[in-house]
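Q: Both chains are sitting in their own frames, so use the hints and assemble them into the complex.
Keeping their order, the protein sequence lines are chains A and B.
According to our numbering, the first sequence is numbered sequentially starting from 1.
According to our numbering, the second sequence is numbered sequentially starting from 88.
Since the hints were derived computationally from the structure, they do not count as laboratory data.
Note that CB positions come from ideal geometry on N, CA and C, so glycine has one too.
Take these hints with a grain of salt, some might be off.
Said to hold, decoys possible - Below, in silico cross-link-like pairs of lysine-lysine (DSS-like), each with a Cα-Cα straight-line distance of 25 angstroms or less:
no. : chain 1 : residue 1 : chain 2 : residue 2
1   : B       : K444      : B       : K491
2   : B       : K100      : B       : K90
3   : B       : K649      : A       : K47
4   : A       : K53       : B       : K455
5   : A       : K53       : B       : K313
6   : B       : K233      : B       : K211
7   : B       : K289      : B       : K233
8   : A       : K28       : B       : K233
9   : A       : K47       : B       : K100
10  : B       : K313      : B       : K498
11  : B       : K444      : B       : K455
12  : B       : K381      : B       : K367
13  : B       : K588      : A       : K65
14  : B       : K649      : A       : K53
15  : A       : K65       : B       : K367
16  : A       : K77       : B       : K313
17  : B       : K317      : A       : K28
18  : A       : K65       : B       : K410
19  : B       : K649      : A       : K65
20  : B       : K364      : A       : K65
21  : A       : K53       : B       : K317
22  : B       : K381      : B       : K410
23  : A       : K28       : B       : K313
24  : A       : K77       : B       : K317
What the hints assert, rightly or not - Counterexamples of contact, computed for chain B against chain A with all Cβ distances above 12 angstroms:
no. : residue
25  : E326
26  : T448
27  : F581
As the list claims (entries may be wrong) - Some chain A residues near chain B, calculated using beta-carbon distances under 7 angstroms:
no. : residue
28  : E52
29  : D54
30  : A64
31  : K65
32  : V81
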Amino acid sequence: MGGGYLPKDSPTITLSCVGHTGQYLPGKGAETEVRVLPSESIASLLKRLDVEKDLFMYALVNEAKVNLTHCLQDGDKVVLVSPLMGG
Amino acid sequence: MGKLLEIDLSAGKALEIDTPEDLIDNYTGGRGFVARLLWEMVPRGAAPFSEENVVVMAPGPLSGVYLPASGKVHMGTKSPATGGYGDSNMGGHFAPEIKYAGYDGLIIRGKAPVPSIVVIDDGKVTFREAGDIWGTGCITGEAKLKEQLGDDFQIAIIGPAGENLVKFACVSHDYGRQAGRTGVGAVLGWKNLKAVAVRGSKTVPVARPAEAFAQGKSMYGSCFHKPGFKTWTPYGTAEVVNWANQVGAFPTRNFSTSYFEGHEGINGQALVDRIRKHDKGCFCCPTPCGKYSKAVTKLGEILVEGPEYETIALLGGNVALDKIEEVAYANYVADELGLDTISGGNLAAFAIECFEKGLLTEEQTGMKLSWGDLRTVVHLLEKIAKREGIGEILAEGVRDAAEKIGGGSEKFAIHVKGLEWTGYEARWAPAMMVSYTTCDIGAHHSRSWAITHDVATGRDNLEGKSGKAIELQHVRPTFDNLGICRLQWVEIGFEMENYGKLFPLVTGIDCTLEELLSVSERVWNLTRAFTAREIPGFGRSWDYPPPRFMEEPVPDGPAKGKRITREQMDVLLDDYYAQRGWNKKGIPTRAKLESLGLTDVADELQRCGYDLSE
Chain A
1 MGGGYLPKDS PTITLSCVGH TGQYLPGKGA ETEVRVLPSE SIASLLKRLD VEKDLFMYAL
61 VNEAKVNLTH CLQDGDKVVL VSPLMGG
Chain B
88 MGKLLEIDLS AGKALEIDTP EDLIDNYTGG RGFVARLLWE MVPRGAAPFS EENVVVMAPG
148 PLSGVYLPAS GKVHMGTKSP ATGGYGDSNM GGHFAPEIKY AGYDGLIIRG KAPVPSIVVI
208 DDGKVTFREA GDIWGTGCIT GEAKLKEQLG DDFQIAIIGP AGENLVKFAC VSHDYGRQAG
268 RTGVGAVLGW KNLKAVAVRG SKTVPVARPA EAFAQGKSMY GSCFHKPGFK TWTPYGTAEV
328 VNWANQVGAF PTRNFSTSYF EGHEGINGQA LVDRIRKHDK GCFCCPTPCG KYSKAVTKLG
388 EILVEGPEYE TIALLGGNVA LDKIEEVAYA NYVADELGLD TISGGNLAAF AIECFEKGLL
448 TEEQTGMKLS WGDLRTVVHL LEKIAKREGI GEILAEGVRD AAEKIGGGSE KFAIHVKGLE
508 WTGYEARWAP AMMVSYTTCD IGAHHSRSWA ITHDVATGRD NLEGKSGKAI ELQHVRPTFD
568 NLGICRLQWV EIGFEMENYG KLFPLVTGID CTLEELLSVS ERVWNLTRAF TAREIPGFGR
628 SWDYPPPRFM EEPVPDGPAK GKRITREQMD VLLDDYYAQR GWNKKGIPTR AKLESLGLTD
688 VADELQRCGY DLSE
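Extracted from the complex, chain B is given alone in its bound form (with noise of 0.2 angstroms):
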């Protein structure tokens, strides 16, 4: 049995307590475990930004172990974003060091009297003012916290924007990975916890470890033989820039369009030619997507990890920057300020439309807000970090931002439930937008990537969608649970069933594929009734996507003229919720709870008012 370390900001205690068998049992680990422990430990009703609110972080079972791309951290906690369910991931090297040191999570409650760090060091947790850290970026604090602690702490920390309590505030590690989605770093900023040092030296508990070394070695040498693998590590998910714009899924201009007639100028070739000077991996990684680069601007020179697809997408397209010089130059303001680029690209586009249309002036601005102009965007990150001007609206996210401007904006703020889209337009792709729009988190890809099975099985076909998006929302987050990168099953093909078959020699749990895939569908309907906890009247009419994708069809581009209906999305909605076992008001069904083993959840969501029938 391990351990889970119950950090007190409050009190300045940090206590070891057993891991719940339960909770190993039943969720496995990572995003499990997250999803388990919000639901146990925040309160009903818990305010984002209040002391009853808790992040968790949690590696998995496999994190850390001799495998392919082991090193994946789950970062949880009520969204300050969306006011429901609320988790990011990233890789690194956190989640093995939480390992080392002896923890399967840590759980973050309270409030810190004075802006901290906490510093666990093998065990030993220590609290440490802040000082000359706090208001530092991400990336400079980081590196004055190494030259403090030593270059062997592995550190998680948030910017000015995680201070200033933007809503879309993100954990950085490693001078440029993130946990970037639902505002984590918002909720550590409000509990004056700059960054977590992570240290430890233990080793982690392997059931076989004969059997389990023999099959990580053959899952290297299975990796290093597939056919793709030489060829798709020079440029990492930037590749996919050229594959979006073909098949009309780019995000251009606030998502006004799906083609961006730049692309070439941003793409994994302008990458690799231009600014990247070498990759960069995750612990155990064999085929590390990072790369580091340097881009000269009219700003000036940086060094940076990225721009991985979705910045490219998010600061390139969709605010019409075409030169990979001025994506990265933006990516590393969106980093050191601590801001996800996913929802900073958003917001930032979202802006210049409201001022092109109008709807805010260069008074309200502080400037001239154009497409295709570094200086726009720059200037909107950083108003938004500091809380500036526009800024202080920006930091609230793009659905209340549209709420505060007014003047039709909410039909351009691309968002599902209050989390900005990410880097894939889907008018024409029902699959991936049932994926986007009943993701539990909002508008996110990662849970289902659905947008090929539209390509492979016709664009404009609604059958077997809803069931693909499902299949995927349970494949995919199994590697969360299980602390791993899913990327080597994406990128080449890596196949799934060795995990399957490498977890019960690591963990000694005597557990098929199959079953870690239905703890997957059990903690899909945990944090589905998570938020239905937390909003009241939660349901059907969270699950659709931003008016501009049912009312404006493509304007140009190989998607032009496509747009969905809220017919169609009525139709792929009703096919969602029945192969789900949820009601059709979007509601998981109590005798679907129950299969779950998920009774106390349907006791708790019937006392919020909900009706659990079919």
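Same shape as in the complex, but just chain A (with noise of 0.2 angstroms):
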């Protein structure tokens, strides 16, 4: 489990991503249980996993898209976006 030395009664949501930087998460972006400190804003998580927030662009939530400022709750089920190249 990630998150650095949180207490083990912290809230605890799951982290993954979708798209090539997962590969610079924890899990290399494959679904993590991540412990985060309670209402963390996700930008505020990912710092603490030394982990550079520009690497994305936007989360889904429990599948509802929000942007980085997100506050997260116990059990919530976080998926990162990459950005992406095209057109």
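A: Structure below.
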């Protein structure tokens, strides 16, 4: 479990990534349980994980599109979305 | 063994030839076929606009097969824009139709005596006069041609820009898909070839059909279950506008800066909320990124496929249009005229900056040119396509236009090797920068899109950046060799290993993913050699960015104060050449070429006077 040295009763989320920048996350983008601070934002979590937030365009939290300032709750299912190219 | 169709426009004849085994074994298909066939068929020193130049259109071995997004065709020629190797690809349905008509590729030679259309109907080839189709726009012309031939024909067509030999004229298909880059459309225009129409009913031979079907089905299932599958499709590539601004990489006002204050008016949300009517996908695509849009502007109402990210960047931020409706309108105008929106946006921005700096007058341009003005953009696109007035100069591409206009304008002519820059401003992204400057066709993003590697590993750090560019320059064009779209891999993290599993099941060729990637390296060296063969003295000096990026720090936004220095470029290029097995002059060594099975290429470069020592 990632998320640094937080108490065992800290809120826990699942974190994964869609797209190529998942390689920079714990679990290499595969679904991983992570402890978070109460009401911690996604951007703050990424900073604690030492992952650059600009590697992601936005996130899906429980399938809803949110930006990285969104604050997390226990049990959230978070999917980070990589940038892409094309057109 | 498959067949290639060799079309001689001068003689009005077509000949089927067996696809050479060397081509199948060593070049995979698609881009690989294009590169090798051009190397062999275009005589050294042939003018891009000449009967000797050749256009190759090649799907890949996986095109038209049941798997996600198997609808890509590669088109290549000696580029009139750069004088070197040129290619571009497009999705839609043209690639599978070539396969269903029985061919691994089309080779187009010579010049038709009158404006013509080539119709390929299941192996029967006819040459028709273009008649009143000549002179039409791409969208209008395709519709007319379908009325004449039948809706089941797939059509590749050029517009007025191609007919008028605009050096960045594109080839259009399916009312909005383009092989946009390097001026393939202009070469077809010179050859008097308005369109190629193809219809086929044959089956693509599959070596182990049951297993291939099972693998294809499994690949679809895997795509459908990726977590981003549902959310990615509605926005398509336009989604990246916000991100590109957030990281200071969005082309703005002729790349003078990298953050556009009006980006929220032209982002994916604006597209979806204000103009999108429905999604439009290519052949067998599970994640249709095309957006069909309806936009109302002061110049009129249009329906257009798009705009995609690249068009939003170059016909949006780069000319300072801040309304998605206006970007869509400019997109439509470029599509109908048959202009590459990337190069077109560059040329419009370049002209506006020249006007702003007093290097062009109202008398020369025909109107006052302004940033953020749709009339300005449309006026310039139309002048370029018709080669009227200032358009005669701009139609030559930004490198040549700057040479003619002078006054120091070459400093803000944004290109590499004569090909205009695409949608990522890279002064603070060294891996992306070296990807652009070493790209085999010029300043293009699709070979190596490395900017996220810069973000992940430090944007001021040069270490490992050239290696990443090389890695991606082999991975990404492998999709082009296979004749499939890479966006599932990019967008939703669809594993590339799947294609390595499928390839032998379809082709019967025992080949691993690693071997497919090694083909990509062979092709990369071959295209470099092609350009070296065609441009005397070619080498390192062609691999630097324009002066603006080395001399002018970004004035504002997230990348404020950043530039890439010449010394930094030297570090990147030294590393790049060393890892590639090229010498410091940027020429592949004999040892490298021979290790890739390209001894004949080494011999030819030596005959051209190149030093191939380490």
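Q: The structure should be examined with respect to each hint, and the outcome stated for every one.
A: Checked hints:
| no. | hint | verdict |
| --- | --- | --- |
| 1 | B/K444 with B/K491 | holds, 15 angstroms |
| 2 | B/K100 with B/K90 | holds, 16 angstroms |
| 3 | B/K649 with A/K47 | holds, 23 angstroms |
| 4 | A/K53 with B/K455 | violated, 42 angstroms |
| 5 | A/K53 with B/K313 | holds, 21 angstroms |
| 6 | B/K233 with B/K211 | holds, 18 angstroms |
| 7 | B/K289 with B/K233 | holds, 21 angstroms |
| 8 | A/K28 with B/K233 | violated, 48 angstroms |
| 9 | A/K47 with B/K100 | violated, 65 angstroms |
| 10 | B/K313 with B/K498 | violated, 45 angstroms |
| 11 | B/K444 with B/K455 | holds, 12 angstroms |
| 12 | B/K381 with B/K367 | holds, 13 angstroms |
| 13 | B/K588 with A/K65 | violated, 34 angstroms |
| 14 | B/K649 with A/K53 | holds, 20 angstroms |
| 15 | A/K65 with B/K367 | holds, 22 angstroms |
| 16 | A/K77 with B/K313 | holds, 14 angstroms |
| 17 | B/K317 with A/K28 | holds, 21 angstroms |
| 18 | A/K65 with B/K410 | holds, 23 angstroms |
| 19 | B/K649 with A/K65 | violated, 32 angstroms |
| 20 | B/K364 with A/K65 | holds, 21 angstroms |
| 21 | A/K53 with B/K317 | holds, 22 angstroms |
| 22 | B/K381 with B/K410 | holds, 13 angstroms |
| 23 | A/K28 with B/K313 | holds, 15 angstroms |
| 24 | A/K77 with B/K317 | holds, 15 angstroms |
| 25 | E326 | violated, 6 angstroms |
| 26 | T448 | holds, 34 angstroms |
| 27 | F581 | violated, 10 angstroms |
| 28 | E52 | holds, 5 angstroms |
| 29 | D54 | holds, 5 angstroms |
| 30 | A64 | violated, 9 angstroms |
| 31 | K65 | holds, 6 angstroms |
| 32 | V81 | holds, 6 angstroms |
Of the numbered hints stated above, those contradicted by the structure are hints 4, 8, 9, 10, 13, 19, 25, 27 and 30, listed in ascending order.
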